[in-house]
Amino acid sequence: MKVNKTIVIGGSAGSFQVVTSILTELPEKIDFSIILCLHRLRYVRSGFVEALRLKTKCPIIEPFDKEPIKTGTIYLAPSNYHILVENDHSISLSTEEPYNHSRPSIDLLFESAASIYKNDLTGIILSGANIDGAKGLKCIKDYGGFTIVQDPKEAQINTMPNEAIKLSKTENIYSINKIISYIQQKI
Amino acid sequence: MIDINDFRKLSELLKSRYSYDLNNFAFTIYRRRIYNAWNNLKFKNVDNFIQSISDNDDLFQKFLFEINVNETEMFRDPDVWKNIRESVLPKLYNSSELNIWFPDATSGEELYSLIIVLVELDYYKYSKIFVSNSSILCLDQIKRGIFNKRTYDVNNINYNKSGGVGNDLINYFNVSGNTLKINESLKEKISFVNQDALGVKINNLDLIIFRNKMLYFKNDFKRNVLSHLYSSLKDEGIIICGLNESIDSESIEYKYFDKYNSIYLK
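Residue numbers (our numbering), protein chains in the order written: chain A, 34 to 220; chain B, 50 to 315.
What the hints contain is simulated information worked out from the structure, not anything from laboratory work.
List time: in silico DSS-like cross-link candidates among lysine-lysine, alpha-carbon distance up to 25 Å:
| no. | chain 1 | residue 1 | chain 2 | residue 2 |
| --- | --- | --- | --- | --- |
| 1 | A | K151 | B | K267 |
| 2 | B | K111 | B | K91 |
| 3 | B | K93 | A | K168 |
Whole structure, please, built from the sequences with the hints as guidance.
Here you go:
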């Protein structure tokens, strides 16, 4: 099973530990890129990417607007911005109104990535307390991408995974270990 | 979702009829905003919309208002506003006129935040503030100075974190039902200019506040606008951008005043 060259991951409450588990298992060099859209406090500007950086040897940054997306790099949505993918494969940030009560919104990232990367994209939805990301995951599936949802039975809060499964009808309901295995296949 | 051909058709029309070039703007964001705009304006399809807007200035203005992005909150990024209060304005103030410009202002949060700081520093009487946008409806929105009550808590928290001395932001507003209206006295020193940034010719500005506006520009257009803003500043004038906007890679001679808070010096 091929791991697509871009992976977008969305999560909210309860997803931090899952993300750190995933990051811990990554080697220094990966030949795909990861974009993380994690709901976060709007005015906590620093500390988050620094905490994640401790878990991985891969470069992980909060990008500037219009920064080119580089293979091997992990991107974390900065606080109080939406993060999207632009046609020329660069990061597009936005301060538009919250979407699904969230800024950053997972739907906005997933929808933009889907239309650009199409079947060369994997979308993963993790634990969370609202329904942001469900429409976005469906969009990824509709464009031919590979979709994964964290098993609601394992998720700290299962609202987000349940809604994502319901809307996208994905068949890939994975435990954390299986998500990690999937990503490691590329390595 | 608007497909690329429809986008092209609309671009050509807006450029020829209204001199408004959609190709200056970030495509992924604008494509969605255009779709939402003509939906909100109750058009069922894009051909319908194109036909209607082709000769209707009123509709064009409504469209422009819809696609412009409102600002998010007052005193957004309180650390930046603390720096404005404690470093930027004292540096620029020289007991004569303080000339300030807000290019492409849309909803007034940034403008009124600055005015409140100016008032609290007792610099307001020396200030001349220019606010510009090609959208007349955006300027009207700013002139009204009306904010929804549910934004108050966030704004007030930001205000207090940024060193606000007035105890509470509510002192600057009149409450009426669900809305907060900024005090009229805070509007005295504002000049409104109905032009896009490139069309505004002002020189010797002390300060330009331009936060999270270039997110919606393509790179080339961003470069042009930054170059124009640079030439509008006096020497040692200051421009403030959004935290995650960079002007590092642009070929302009801005220096850092405060890199962490995206504050630059000419």
